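A.B. asks: Next come the chains, spelled out residue by residue.
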Amino acid sequence: GTDAGGTPVKGGTLSYASGDAEPTCLDPHVGGNYPQALVSTQYLESLVSRDSNGQIIPWLAKSWTESPDGLAWEFTLKDGVTFTDGTPLDAAAVQANVAHLRDPKTGSSTGYLALAKVASTEAVSANVVRFVLSQPDGALLESLTQPWLAIESPTGLARGVDENCAAPVGTGPFQVESWEKQDSVVLVRNAGYTSPPADADHTGPAYLAKIIWRFIPDSASRFAALQAGDVDVIDNAQPDTIVQAEKGDTITHLDAPRPGASNRIELNSSRPPFNDPLVREAFIRSANVDDAVSSLFQGTATRSYSALSSVEATAVQRPDLFGYDARAADKLLDSAGWTARDSAGYRVKDGARLTVQFPVSTNQSIPAEQSLFEQLQATAKKTGFDVVLTPMDLSSWYTALGENGYDAVSAPYTKVGPDVLRILFDSAGIVPAPSGYFANHAQVNDPAVDALLAEAATVTDAGKRAALYTDVQNKVLEGFYLLPLYDQQNHYLLSSRVSGARAMPTVSTPTFYDAWLPAE
Amino acid sequence: MPGLLAARLAGAVFVLWAVATITFFAIRLIPGDPAEAILGGPGSQTSPEALAAVRARYGLDQPVVVQYLAQLGRLATGDLGRSYALRQDVAPLLVGQLGGTLLLAALALVVAWLFALVLATWSTRGGRFAWYLGSGLEIVAAALPHFWLATALIVLFSVWLGWLPPISTPGPAGLVLPVLTLAVPLAGFLGQIMRESLLTALESPFVLSARARGEGDRGVRWIHALRHASLPAISLSGWAFGSLISGAVVVETIFARPGLGRTMLNAVTVRDVPVVIGVVMIVAVGYILMTVLTDLAQWIADPRLRRR
Amino acid sequence: MSDLEIQADLGRQARAREPRRRRIGVAEALAAAFALFLVVAAVAPSILAPGDPLAIDPLSAFQPPNLAHWFGTDESGRDIFTRVSHGTGGSLVIGILATAIGLGLGIVLGTMAGMLGRVVDFTVNRFLEVLFAFPGLLLALLVILVFGPGTQTATVAVGLATAPGYARIIRGQLISVRSSAFVEAATVLGRGRRQILVRHILPNTLAPLFVLGTLGIGQAVVWASALSYLGLGAAPPAAEWGAMLSAGRTYITSAWWMAFFPGLFIVLTAVTATSLGRALERRLRHA
Amino acid sequence: MGCHALGRAHLHHVGLVDGLLPRAVHRAHRGHRDEPGARPRTTIEARMSQGTGPAARRAAVTPPLVSMLRVRDLAVGFGGQPGTDPVVAGVSFDIAPGECLALVGESGSGKSVTARSLIGLAGDDAWLQAAELEINGSDVLGLSDAQWRRRRGRDVGLVLQDALVSLDPLRPIGREIADSLRLHTTLDRAARRTRVQEVLERVGLPDGRTRVRQRSGELSGGQRQRALIASAIALDPPLLLIDEPTTALDVTVQAQILDLLESLKRHGTAILLISHDLAVVGRIADRIAVMSAGRIVERGPAARLLASPKHEQTRRMIAAIPIDKPRGTRLSSPEGRADAPASAPASASASAPAPAELVLEASGLVKTFRRPDGSEQRAVDGVSLRLLRGTTLGLVGESGSGKTTTARLLLALSRPDAGEVRVLGRPFSAVTERQRRRLRPELGAIYQDALSSFDPRLSVDAVLRDAVRGARHAARQAGNAARDRARVLELLDQVSLPATLLSRRPLSLSGGQRQRVGIARALASEPQILVCDEPVSSLDVTVQAQVLDLLDELQRERGLSLLLISHDLGVIRHASDQVAVMLDGTIVETGDTAQVFTAPRHPYTQSLLAAVPRLG
Ligand SMILES: Nc1ncnc2c1ncn2[C@@H]1O[C@H](COP(=O)(O)OP(=O)(O)OP(=O)(O)O)[C@@H](O)[C@H]1O
Ligand SMILES: Nc1ncnc2c1ncn2[C@@H]1O[C@H](COP(=O)(O)OP(=O)(O)OP(=O)(O)O)[C@@H](O)[C@H]1O
Ligand SMILES: [Mg+2]
Ligand SMILES: [Mg+2]
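Protein chains in written order, with my numbering: chain A, 185 to 704; chain X, 1453 to 1760; chain B, 27 to 313; chain U, 192 to 807.
No lab work stands behind these hints, which were simulated from the structure alone. Only a predicted model underlies this, so the values are computations on that prediction, with no experimental measurement involved. Glycine included, C-beta positions come from ideal geometry on N, C-alpha and C. All the given hints hold, so there is nothing to weed out.
Ranges between beta-carbon positions, derived for each pair: (1) ASN92/B with THR539/A: 34 to 40 Å; (2) ASN92/B with ARG1577/X: 41 to 47 Å; (3) ARG561/U with ALA1582/X: 44 to 50 Å; (4) THR777/U with GLY143/B: 30 to 36 Å; (5) VAL146/B with SER554/U: 33 to 39 Å; (6) VAL146/B with ALA1753/X: 33 to 39 Å; (7) LEU604/U with VAL134/B: 28 to 34 Å; (8) LYS194/A with LEU1550/X: 34 to 40 Å; (9) THR275/U with ALA1582/X: 22 to 28 Å; (10) GLN178/B with ARG667/U: 50 to 56 Å; (11) VAL146/B with ARG667/U: 34 to 40 Å; (12) THR275/U with GLY143/B: 57 to 63 Å; (13) ARG629/U with VAL146/B: 26 to 32 Å.
Far from chain B, by Cβ distances over 12 Å, these chain A residues were calculated: (14) VAL345; (15) VAL500; (16) ILE614.
I would like the entire structure built from these sequences, with the hints used as guidance.
C.D. replies: The following block contains the structure:
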């Protein structure tokens, strides 16, 4: 986080400009995406959290136990915590939250999936709640750290989805005062705040009196606003602005890569040409990622050679597999039968061009990333790949994916812990949900991988779990199902007036509980 | 007069009906499922039950014709329905957004008028050089894309000079750049029109007559010429409204201003049918009102129209 | 009214008002020169910029304008002058095609309204009124969302959005020509309907269309670039001006040249088209 | 036919002798001319309601003047170096108080430029040189704009040529008239209003209370002209420059305006009257100066100059006046021979077929228009006309009386609501256009606005070739390009146009040339009937004369039947055998020209005739 020089000052209004889409609902139970996580971190809290070493630490739950068979977890809640509407935090409240997440009417996706193995909940006592599982879940605690499973006031939830969406009620250091659509959410200090996570810098209410949470989709305007002092913090900072900011001393940079998967290009192994591992490897070898990353990100991102974010302790880096080697790529294609080239220089086989359909979601990729794809397109062309980049809005992009109309795709996935591997590479993830959504874009369909993932999910022993995930990663990486690029970028730029801000070690959302501004 | 009014009203109702119909079916054609939009947008891993529940609740499981008729029925009673994505009634939502956009558009129209007037007046009195500079400026201004101009203004006034905020801020300062962005190209168009008609007026015999009575240059301009020059520009203001709304989409996005334009862009991309139809209806009503207003303004400004 | 109608209207007014000028004014000469440059760039861009507009060179990214790269380089080290030159063809084709579509539709609608009697005229007029009540950008947006983004859709969208304007001008022109004294004079001379249509009405209606088309191209280029800016136009890394400008905006605070030059070309193209259209109008009138 | 010609000849004499013209007024200004300095000052003072008004002040301080306006060696030009290519050069004259000097001359001779220069408004790019230029005794050469402004409207008033558009259509006329009061006096609003009403009354627009709130669009042409004059004389300037005050007006209104000018003159105002119409000038001017190509070529007392013109230009102009010139008299005289009978009218009638053959017949024509407010207007209300072969039927009537509408019905350009048109005895209006097409070649038309009757894209050659080819097709003759070309040249020759004009577009022709191309086009099919709608009203008298002569000649040579529409009684009287007078859509009187002009029966016709100005 940013360094706190001097004594914190109470009061003041912090202005935050988000480049992410404006949430359609401030309650992250509904749906469950990153923009919701960003803002809800300020007013909602989870049962547990994670520290910067990846250890689970207490938050609303002060302690927890796992039954020996791994099928029951008991969480003891902090005493004396109340939601901002006065409702006390108790076992019943947690139960209500779980029920809310699992209610189809809520329309939860992220939280709903994370609770897939929870069979039921029981109130052991007023402040002890028991989760009864259908299967052991090694990822349960990690899942519970996420903002999408934060605990909200049952009274609030009872108001109905629409009202709750407009102003969810939590236990956090701030509470939602108002939300002007298309413009801003105003958050004010929760004066009765008592429940900081274990790794917070102070106790008691937050220093800031107010946060104005704005939505400024245009990155140039966002940075200009920060420079002009009209906002104090921006997210989704562009590499060039980060470099520019780091040169001066009026803006500080907070780099907080997201957990879960790395940013990567997944190669669709279910259909030609990438059903041939040789072609997959050739594509990966033909792509000059290193040069692209260094020129486009100007040192703000480091190359990844892993399926997992570098934040994850279990991440396996395999630089040996992902080096740029055009000559090797040529050979691989030759041996895969793509020997001829057409007049434009693309490889052809049986009259078909070696075409790679690459739909790009404009909503999910920052411009630098789209430029990166363009550069990969240019280098892969030398080897003879015709990479067709098609920018799409989110709906069309999901539709294209659902129709299996892609060969390569880059999709972010944020989840705390290595359990993300199960979501991304388990063959169950190939079958689309009713909405057409699926996560296994590489369409890895390997029983060995499935078996390893299933085992890892039930194991809670850290060492054993890590070993299993290492095996999975190696298998996937060696199968050339994906081309890792870099960690999921998550850069905040803060005016140097802001002290004490940090990113949560859970999903790297910023928290302004410890933050303060100098007196006017 | 009552006959004219009735015809006008019937015309307005027809336009509104057609606009609503076109929009309704056009949105149907867009790939993507509104039920998903309701459940937190595309990519949400919703359960089939949830989808079914939502479809039933919003009547999306009905045949299209039924939905269409239901939509028309609601519109006829002034009910714009409920936003899928924003979980809010459309009418109050849009009313909230309307203010910002109207303010922006109105200010831009005023500023554009001022610019155009000043430029037209100046370029018709300063001789050849002023003429060429004036007409050149107008043609260039009219050719400026909003997004490029906005960027240039931000770089100049916010980044380099640091005078004005690059985003909307509570005070009037935050309005300056968005208004300029919208006003400059419009001023280019209005200016061209005004200069032409100003010249026509200045060369007309009635101005010569006024001079022969001893009227000075200023009197001639203010008492005679500008009024004539403003007539064609007034008749353009209905068109200007439409172009300002189009421009607002870009300007509101760049300057992070809440408003109809931005709402519309968001709503269209997430297939939020009620909001899109709502915005389109409001814009159509605005357009119709604007044409009535321009007619009225012309009627006031031009007594020749009053005679019949 | 549309921007086009205004432009057309202006041309009509501009007759006697301008200061007496030489045969070819400075502005016209400049416009013609730039138009020539555009044509060369569109037909044979390699003459102006021999390089490959898509060739990346990550190591020389973000270079400000210099002798080797007149307009600087972009984030992937591509030469912006090369890209702008090679993009001319695409951008102009979008502009010209969109104008052709708009004009074509406008001719069909306008002719129907102007020639086929009152009922058709009434219907077409109501239809146009409805189209006018849609802001042009929204119309384009809907088209693009229905048919998916891309160059072709953007072209069609711009064409559709500009069609009502053309239709109205053409209808007005037709009606005024049809009821003009010289058509009556031809009737008195005993001309048949067809002869009058071919000899008088069509030529006098179509001649202004050249002017309209010229004026329209400039506006269409601006429109198409606005769609590209919203991410709904040409796909990357195509060297289309609007797309380049949109990409360049991201880097506006650190690399202004990336957005400046494509924007400059859009503006210059529109200005050139307007100036030439006006000049053409004058010529036609005084000829 | 013969009896027509006789009747006209007789009439001509009656007109000359009886002189429906010079009345008391005429003699009155003769008196002034004899004593230019005599200015009845007392009248002015009495007239001014404000004793401290500028005119009163002026009257008190200014010594008797010899000259209210003094111009010596005036030269004016546009663009370029001062002194090069002048539009007006070497112009000198004086005007005394109470005197009227008329500046006459053909179109483009520099009359308006001279007038504008005298008030410092020659134009932005104009240069002006003069040896002397004095108004009211003080030098106005080299006045600054601000100094000029203080004089305009107070020392000198100008009434512009384009009266119909010289009042701001967006302002009430009351304000326009009060402008000079506002600019040059300290009168308060109420006083200004009183004065405006006085002035309006003087120009013959009483009922000032409602008038002042009307705008120029709500006034008729004559009312506008008078309001404009009112705005120029609001401050009673001692010098008034009036440019073509009557050109656009009906004779009746014209007479009112001339009366007004006379009364101004009587009250001591010095007037510079510009016109190309000598008949108008003759009624009011004391002295006349004739301009040609920017110079004054002849000058002298009005009576003398009109009676014995010396300069060729003057003679041509006087000859061109159609009034009281018998039928068959040449009006245009390129050789300078006025009044030379071209040929005996009788010889023409000899070649004509039986006199009573009816070629064009209209019965009970009705045409109703719907006004924008929904009410109906009967533009033509039961009009019946009969045109005999080889004769001319004149249709007169004031503006808006339905003449053009009638012509359009006759030509089947619009469909009558009732009634029928028959051409050469066959139904014309009641049949389809396809059936009509066979009769079309027999019926030619000449339009009031010749320019807009030509396709702007086509050259003269193309226009005529189209017509020739159309006529040939109609006659089902085979033909070739060479034959067509020969015919085109023949037509051109008939209308006395040189073949060099063939490549030109109508836009670049002069008014007279255009009108003649129009006639040539109409003649291409050798029609038996020509409908001419105001063929000369937009033309200069000299050009008008050429056109009228041409029509006359054609009738004589080819036995054409003409329907001649005009609001100009002079033209009608000169050129027609029979006359129909139209008023508000109905024909109020018809008869032989001679009979109608000598013994008008209908009061409207009587009032029209009474208003015609004559050369003294
Ligand atoms: N502002 C001007 N710039 C250039 N030439 C002009 C200008 N005004 C008048 N002229 C020219 O000066 C000449 C005299 O024009 P003027 O208007 O005085 O003629 P006029 O005798 O009043 O003719 P008319 O009887 O048609 O009114 C014409 O050839 C005209 O083209
Ligand atoms: N197409 C039309 N629609 C409506 N009213 C018309 C139309 N044509 C003529 N009128 C009206 O009919 C009346 C007669 O017009 P017309 O043109 O026949 O007069 P005119 O005698 O030719 O006058 P002028 O001498 O001014 O040419 C006028 O009041 C005119 O306003
Ligand atoms: Mg004149
Ligand atoms: Mg007429």
